[in-house]
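Protein chains: 2
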Amino acid sequence: MAKFLFSNVIGAFVFDEKHRIIDEVLFNNIEQYSNKGVHEEKLKEKHKDAISPDEESLHHILLAFKDKKYFSDFSARNIKLTKLSLKESVKKDLLIMQAISAIGDIDKAVNLLVKRLREWYSCYNPEASYAFEGHEKFVNLITKKTKSQLLKELNVDETEAIGADMAEKDVSPIMLLASQLNNFYKLRKHYEDYLKELEKEACPNFMEVAGVTIAAKLIAHAGSMERLIKMPASTIQILGAEKALFRHMRNKQRNLPPKYGLIHEHQLIQKSEKGMQAKAARALADKLSIAIKIDYFKGKFIGDKLKKGLEAKFKISYGE
Amino acid sequence: MAKFLFSNVIGAFVFDEKHRIIDEVLFNNIEQYSNKGVHEEKLKEKHKDAISPDEESLHHILLAFKDKKYFSDFSARNIKLTKLSLKESVKKDLLIMQAISAIGDIDKAVNLLVKRLREWYSCYNPEASYAFEGHEKFVNLITKKTKSQLLKELNVDETEAIGADMAEKDVSPIMLLASQLNNFYKLRKHYEDYLKELEKEACPNFMEVAGVTIAAKLIAHAGSMERLIKMPASTIQILGAEKALFRHMRNKQRNLPPKYGLIHEHQLIQKSEKGMQAKAARALADKLSIAIKIDYFKGKFIGDKLKKGLEAKFKISYGE
Chain A
1 MAKFLFSNVI
11 GAFVFDEKHR
21 IIDEVLFNNI
31 EQYSNKGVHE
41 EKLKEKHKDA
51 ISPDEESLHH
61 ILLAFKDKKY
71 FSDFSARNIK
81 LTKLSLKESV
91 KKDLLIMQAI
101 SAIGDIDKAV
111 NLLVKRLREW
121 YSCYNPEASY
131 AFEGHEKFVN
141 LITKKTKSQL
151 LKELNVDETE
161 AIGADMAEKD
171 VSPIMLLASQ
181 LNNFYKLRKH
191 YEDYLKELEK
201 EACPNFMEVA
211 GVTIAAKLIA
221 HAGSMERLIK
231 MPASTIQILG
241 AEKALFRHMR
251 NKQRNLPPKY
261 GLIHEHQLIQ
271 KSEKGMQAKA
281 ARALADKLSI
291 AIKIDYFKGK
301 FIGDKLKKGL
311 EAKFKISYGE
Chain B
1 MAKFLFSNVI
11 GAFVFDEKHR
21 IIDEVLFNNI
31 EQYSNKGVHE
41 EKLKEKHKDA
51 ISPDEESLHH
61 ILLAFKDKKY
71 FSDFSARNIK
81 LTKLSLKESV
91 KKDLLIMQAI
101 SAIGDIDKAV
111 NLLVKRLREW
121 YSCYNPEASY
131 AFEGHEKFVN
141 LITKKTKSQL
151 LKELNVDETE
161 AIGADMAEKD
171 VSPIMLLASQ
181 LNNFYKLRKH
191 YEDYLKELEK
201 EACPNFMEVA
211 GVTIAAKLIA
221 HAGSMERLIK
231 MPASTIQILG
241 AEKALFRHMR
251 NKQRNLPPKY
261 GLIHEHQLIQ
271 KSEKGMQAKA
281 ARALADKLSI
291 AIKIDYFKGK
301 FIGDKLKKGL
311 EAKFKISYGE
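Chains as they are written, first to last, in the working numbering: chain A, 1 to 320; chain B, 1 to 320.
Excised from the complex, chain A in its bound form:
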């Protein structure tokens, strides 16, 4: 006579061959459910011949839980369990992805607004608007220095300057935009530091080899650290170059496969000679693949060794 052992969120049960419950251990809470192995063992000792149900039996067994006696508990506990796993799903790598995306969005917004600021400010002080190429430096300067100060620095005679003499009430809206942009630059730096902190905890090896930004971009592109560890090194190598890859797959004669994706920005590849870049990308992706696995399974820190190995192999030293 077959007996079936089956457990779910409300308890561990033994069914007879007619799928009636003949023994049970009810769980009082979700913690007991997480230790269900212990309770199953105890039942197994009493019912040595109990086996896991086959597909057909499982169907009948599951119907048993539609019984009023179990159903409300069964449903409530399952919902609670789902909520719990949702809570736990906010892991460091999710925060890394949010932070790097926020940095990307800030860059887009800043780019848009700084162009507006330059155009607007150039009505007032065109000489200075065109003199400072770097956006951040420009924004910083015009919030700190007056038009006269800037013109003096640029050796422009104030009476010769072609900017309009604008009233204070027309200059102040420009300055408000500039100081808003300044805040954005500060926020961006703050997020960079935060990202570094997150990665130090979640993926120190990966961060050491890839650098803070590229590490975050790779995780964000893969979708999670878990997905990243399942990828072969060759996939990590071309992550972010999907378009080029598919172009290659459609027409192999005309389009070479991509040599690198997101890791293209990496110093090891940037500083390599043209002929060596593909080789460097391959080596880098190998080490990245090792590093992320160590991080995911909470292994030791060997990021510095991996990095030194790469640097020695290609005779290139790279910073962050």
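Wrong hints could be hidden among the right ones.
Heads up, the list lumps identical chains together, so a pair's fine if it works in one copy or across two of them.
Under the rule of at most 35 Å between Cα atoms (straight-line distance), these lysine-lysine pairs were calculated in the DSBU-like manner [to be verified]:
1. K80 / K230
2. K115 / K230
3. K293 / K169
4. K152 / K69
5. K189 / K115
6. K145 / K80
7. K144 / K108
8. K92 / K186
9. K137 / K186
10. K91 / K169
11. K144 / K92
Think of the hints as simulated: they come from the structure by calculation, not from any bench.
With chain A fixed as given, assemble chain B onto it according to the hints.
Leaving out everything else, chain B in the frame of chain A:
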């Protein structure tokens, strides 16, 4: 014997038929140049037969100013004159265009960042992230109230909430983005007020009839108030609908001409019944065309009358 009267930035001159200077009044500064009419009159009294040079004589006359005696003055004054006119070119309508463009850019930036904020915040407190639809209200609420307060307001039991329990150091970056966005909303409102002030000075009639935002958009689209006054009412009517207009011009059978462009957003058209919208657009554009001309030539304020006329005709009252 022909005599020629010719004046430029350095003076007024009388040339003989061989294009030699026989009389001159040199200007000491640019102000005298702006009153050149007076000086020309004086010379004309002395040389009653002097005429404006024809094309061939003009060619010879202009060569005379390549002479060392005049050239450095001539060049310096011209540059000064150009700079002066550049200075003056920053007029109210230019500031109106900058302000409305800044508002548009802020909208784009805010839209981008508020989506990021919602996604990020929903890791922490998803119930609240989805409960408040309006972006501005959402940003405002989460900066002012804690997670517990918001959950209580939404009647969600805190132990049942599915958001993650995040450490303070992971929540603070989210809040920084939110307060940055709050600043943007404030800045936008500030610019709206500023725009209104500018329009009150530059185009009170036009603003009264069009409303602050549409007035600014029309000026920005035309490029200046000067260009706008040169447009027929029918062009103002479809300003901003160029794509639809050209589609119509390419294929008249299939594509009807556009009925309205930027003014489509106007309450007079929004509140009109479907069949009356084109008629309302035509009447509105007529009044706009009148209003902008009055404003440009500094006429009296009749914006309220124009507006009332429209409201009476279509039995619709519109606010701002």
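Each hint, compared with the structure:
no. : hint        : in the structure
1   : K80 / K230  : within (29 Å within a copy, 69 Å between copies)
2   : K115 / K230 : between (42 Å within a copy, 30 Å between copies)
3   : K293 / K169 : between (59 Å within a copy, 26 Å between copies)
4   : K152 / K69  : between (86 Å within a copy, 33 Å between copies)
5   : K189 / K115 : both (20 Å within a copy, 21 Å between copies)
6   : K145 / K80  : between (59 Å within a copy, 26 Å between copies)
7   : K144 / K108 : both (24 Å within a copy, 27 Å between copies)
8   : K92 / K186  : both (23 Å within a copy, 33 Å between copies)
9   : K137 / K186 : both (13 Å within a copy, 25 Å between copies)
10  : K91 / K169  : between (48 Å within a copy, 14 Å between copies)
11  : K144 / K92  : between (38 Å within a copy, 26 Å between copies)
When held up to the earlier numbered hints, the structure conflicts with none and fits them all.
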